[in-house]
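Peer 1: Sequence:
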Amino acid sequence: MDAISYQRAADIGSAIQAGSHPGTVYIGGGTNLLDLMKGGVARPAKLVDITHIGGLDTITTLPDGGLRIGALVRNSDAANHTWVRERYPLLSQAFLAGASAQLRNMATVGGNLMQRTRCYYFYDTAFPQCNKRNPGSGCAALEGNTRIHAILGASNQCIATNPSDMSVALAALDAVVRVSGRDGERAIPFAEFHRLPGDRPDLDTTLKPGELITAVDLPPPLFADHSKYLKVRDRASYAFALVSVAAALQMDGNTVKTARIALGGVAHKPWRANATEAALIGKTLDRATLQSAAALAVQGAKPQRDNAFKVTLAQRAIVRAVEQAGGAA
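So the sequence shown is numbered by full-length UniProt numbering: it starts at 1 and just counts up by one.
If you're looking for bench data, these hints aren't it; they were derived computationally from the structure. Be careful, since some hints might not be right.
Unchecked claim - Cβ pair distances, simulated, as ranges: (1) A236 <-> E185: 37 to 45 Å; (2) H21 <-> D124: 26 to 34 Å; (3) G300 <-> K257: 24 to 32 Å; (4) M106 <-> T284: 37 to 45 Å; (5) A308 <-> T51: 40 to 48 Å; (6) R316 <-> D2: 40 to 48 Å; (7) K283 <-> G184: 40 to 48 Å; (8) A101 <-> K257: 33 to 41 Å; (9) S5 <-> T312: 44 to 52 Å; (10) T312 <-> A278: 18 to 26 Å; (11) H52 <-> K302: 44 to 52 Å; (12) G300 <-> G40: 35 to 43 Å.
Stated by the list, open to error - Below, computed lysine-lysine pairings styled on DSS-like, alpha-carbon distance capped at 30 Å: (13) K208 <-> K46; (14) K257 <-> K283; (15) K38 <-> K208; (16) K302 <-> K283.
We put the CB at the ideal spot given by N, CA and C, even for glycine.
Kindly produce the complete structure, drawing on both the sequences and the hints.
Peer 2: Shown next, in the form of structure tokens:
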């Protein structure tokens with residue numbers, strides 16, 4: 001067994017100082033990291049416990065009417081917080097769709113952002129070919145079972161998908177991830193936080209070495225009355241999405257004023273369906289309009305041998321989620 005050192009950080013500054021050393025990983029709830037360590041996928045030299053840093057476990061309002069959710073807020077607490085339920089029901093639904101009640105009670109918002117893929121070949125070290133785990137080794141998934149893998153934004157280096165439900169909702173809501181590091185604080189627009197695989201699938205995010213997620217900021221609420229998180233999966237609970245849709249609308253009577261659509265289970269990062277959003281603005285939510293707009297979301301899809309069904313499933317899920325968000329029966 002590898003030797004691992006441990007440090008409990010008292011504040012953000014000491015956490016960043018400790019986290020700047022190679023091989024160091026921050027740990028909050030540990031619901032994903034500990035699984036990776038047990039399986040030999042993650043081999044950190046040092047764990048920096050951030051759970052005792054004050055101020056990271058709170059939810060506060062912002063001057064513009066938005067919301068700041070601390071990185072150490074538990075998923076269950078965020079899902080059931082009055083402000084989240086009432087102002088951002090899409091996010092509350094996404095939280096409650098993830099994992100199990102026990103895991104949501106431990107998992108943190110910051111940790112949820114850092115989840116690794118659930119690709120079979122990434123998790124199974126018996127397969128040495130995994131560019132995400134061993135850069136340059138190849139991708140066993142390309143010749144394997146590809147049912148859960150990406151149809152959008154993949155590369156010949158990696159076809160893994162991002163597993164987070166929360167992140168799909170945050171993508172639709174145009175959230176901002178706040179981080180602190182050796183160079184100070186910075187705010188990362190959510191669309192720029194997760195990466196597509198390209199030729200570096202081992203890098204999931206745009207975080208710099210040693211940077212610590214401190215909070216997620218939500219803009220002023222616009223979609224409290226018309227939103228829906230729809231998750232299509234193999235079983236009713238504790239299963240990752242084959243396809244998920246975060247749909248958020250502003251309606252002017254029966255007409256769409258503003259639309260936000262994000263997909264999960266289809267790419268290496270939450271996938272914003274910008275063309276679909278544009279096609280819905282100014283339209284009523286009749287079935288023909290929705291089907292035409294949904295088809296735009298999967299233009300350029302490159303399914304694998306076992307997951308071509310996701311192309312159709314994604315379109316149908318978009319239609320259903322938007323209908324429900326808009327208030328259709």
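Peer 1: Take the hints in turn and mark each one as holding or not.
Peer 2: Now the hints, each set against the structure:
Evaluation of the 37 to 45 Å hint for A236 and E185 yields a pass: the beta carbon distance comes to about 41 Å. At about 29 Å, the CB distance of H21 to D124 agrees with the hint of 26 to 34 Å. Taking the beta carbon of each, G300 and K257 are about 28 Å apart, inside 24 to 32 Å as hinted. A hinted range of 37 to 45 Å holds for the C-beta pair M106 and T284, which are about 44 Å apart.
Judged by the Cβ atoms, the range 40 to 48 Å given for A308 and T51 holds: they are separated by roughly 43 Å. Between R316 and D2 the C-beta distance comes to about 46 Å, which sits within the given range of 40 to 48 Å. Distance hint check: the CB atoms of K283 and G184 are about 44 Å apart, consistent with the given range 40 to 48 Å. Restraint check, A101 to K257: a C-beta distance of roughly 36 Å satisfies the suggested window 33 to 41 Å.
A C-beta distance of roughly 50 Å is found between S5 and T312, which places it inside the suggested range of 44 to 52 Å. Checked against the given bound of 18 to 26 Å, the beta carbons of T312 and A278, roughly 22 Å apart, stay inside it. The hinted window of 44 to 52 Å between H52 and K302 holds, with their beta carbons roughly 45 Å apart. Under the hint 35 to 43 Å, the C-beta atoms of G300 and G40, about 36 Å apart, fit the expected range.
Distance restraint check for K208 and K46: the Cα-Cα separation of roughly 18 Å lies within the 30 Å cut-off, and the hinted pair is therefore satisfied. Note on K257 and K283: the hinted pairing holds, with a Cα-Cα distance of about 8 Å set against a maximum of 30 Å. Of the pairs offered as hints, the one joining K38 and K208 holds, with about 26 Å between alpha carbons and a cut-off of 30 Å not exceeded. Using a Cα cut-off of 30 Å, the hinted pair K302 and K283 holds, with the two alpha carbons roughly 29 Å apart.
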